[in-house]
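> Listed below are the residues making up each chain.
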Amino acid sequence: MPTIRQLKRRITSVKNTQKITNALQLVAASKMRRAQDRALQAEPYSSKLRSVLAGLASTVGSSQGERIHPLLASRPVRNIAVLHITPDRGLCGGLNSNLNRSAGTFVAAQHEPVSVVAVGKKGRDFFVRAHVHVTAEFTELGDYPSAADTLAIGRVLVEDYVNGTIDRAYISYPELVSTAVQRPVIRQLLPIETPTAEEQSAPTGMSAQYIFEPSPEEVLARLLPRYIEMQIYEAVLQNAASFQSAQMVAMKNATDNAGEITRELTLTYNKARQEQITKELLDIVGGAAALED
Amino acid sequence: MPLTVEIVTAERVVSTELGVDILIAPGSEGMLGILPKHAPLMTTLKPGELVFRRGSEEESFAISGGFLEVRQDQVTILADQAEAAGEIDVERAEAARARAEERVRRAREQGVSDVDMARAAAALQRSLVRLRVAERRRPRSGAAGGRPRPIGQ
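Protein chains in written order, with our numbering: chain U, 1 to 293; chain L, 1001 to 1153.
Hints are computed from structural coordinates only; laboratory data are not their basis.
Note that this is a predicted model, so its numbers are computed, not measured.
We put the CB at the ideal spot given by N, CA and C, even for glycine.
Please note that the accuracy of each hint is not assured.
[Said to hold, decoys possible] Derived lysine-lysine pairs resembling DSBU-like cross-links, with alpha carbons at most 35 Å apart:
{"hint": "1", "chain 1": "U", "residue 1": "K48", "chain 2": "U", "residue 2": "K31"}
{"hint": "2", "chain 1": "U", "residue 1": "K31", "chain 2": "U", "residue 2": "K121"}
{"hint": "3", "chain 1": "L", "residue 1": "K1037", "chain 2": "U", "residue 2": "K48"}
{"hint": "4", "chain 1": "L", "residue 1": "K1046", "chain 2": "U", "residue 2": "K48"}
[To be verified] Ranges between beta-carbon positions, derived for each pair:
{"hint": "5", "chain 1": "U", "residue 1": "T139", "chain 2": "L", "residue 2": "D1089", "range": "26 to 36 Å"}
{"hint": "6", "chain 1": "L", "residue 1": "P1002", "chain 2": "U", "residue 2": "Q209", "range": "21 to 31 Å"}
{"hint": "7", "chain 1": "L", "residue 1": "E1087", "chain 2": "U", "residue 2": "P113", "range": "40 to 50 Å"}
Assemble the whole structure, with the sequences as input and the hints as a guide.
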């Protein structure tokens, strides 16, 4: 049984922690709104780019496409790269460990040697600890990364792919399903698998009548690097929004828990105090009775 | 029916323009004017100025390259970067131009790789486009259509 003084100290400490988690929850909530908003604003560009690419790919034809652009050419796989996107910070529940577990399992399952390009400190630290070769790292992109911030990431991968250092690249990032749910996703990034016409909402089969300037092949060649950049930018935005959402939920739970603990401790404290008062009263009454005798 | 033009970048929808009579865009093969009932077109754009006309009204944007798609009087511009003429901060654009010029000069002196040279040159071109677009919007004394005055003199 802790003493009254110990209980009181404990309550103060829990309340102080609660103040911090509550503040963090509020900050995350407001940043979350902005981060989710940015993730949404990238949507029109990406869906448009996808539908244009799908139309072009069907015009040019896949067999021809491999000859036209190195990013479409698939080779026998000897080396694999994984672009692992995670938050920089913790205090966001299971988000980081889920992401690292998912990517770690994936890397372990590959038969070919794997190198990692890490975005975010948590993923970088994980793979450094696991002794996986980290070829490049991008950290401190901030709460609201801009498209320009993410360009260099794509450049690293594209250069390695074109000069043959890697033969396939995957991207691993958290997909923001809802504020409460973030799902780790791993997709192939390179060689580019062109979106098929079924996926696009626009009427299909009309790309054949398009006028292309300078030529379908050249438009495609300009479009493909943008497609890679766009996918990475989207993933980075999803990551930022996922982090804020996960942190907000985690901090809300922590704040609620702190409230619960405070309630229980206060109850114990009051009981102990009451007991002490009763004991003192008994002493006084007992003392007075002894005098009367 | 007039054109509907949408300018989209990776970060946001920059602008949606309704009722445009003619759109003039810097295509990679040369300037092109898009009128209503244009055939379906897909082209790459180079850094330059994008101009809309509605009657006698004119509006312009600086873009730094991208793609343009025309489909049934619906024009979509997937720009790498886009700024409305009114949004351009002339001082910042001028500073960017000076920086870019310096980079090109240094690249030339030190004989760096073609890629770096191309990047520096592209940055310079983008900054010049921004300045030109901003300059057009500013009411100028003197003959209309004259050469833009150098800024900062």
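> Could you run down the list of hints and mark each one as holding or not?
Status of the hints after comparison with the structure:
Pair hint K48/U plus K31/U holds up; C-alpha atoms about 27 Å apart against a cutoff of 35 Å. A threshold of 35 Å between alpha carbons decides the hint, and for K31/U with K121/U the separation of about 19 Å falls inside it, so the pair holds. Taking the CA atoms of K1037/L and K48/U, the gap is near 21 Å; set against the 35 Å cutoff, the hint holds. With a CA separation close to 19 Å, the supplied pair K1046/L and K48/U stays within the 35 Å bound.
Hint check: T139/U to D1089/L, Cβ distance near 30 Å, so the stated range 26 to 36 Å holds. At about 22 Å, the beta-carbon gap between P1002/L and Q209/U stays in the expected band of 21 to 31 Å. At roughly 48 Å, the beta-carbon separation of E1087/L and P113/U lies within the given 40 to 50 Å, and the hint holds.
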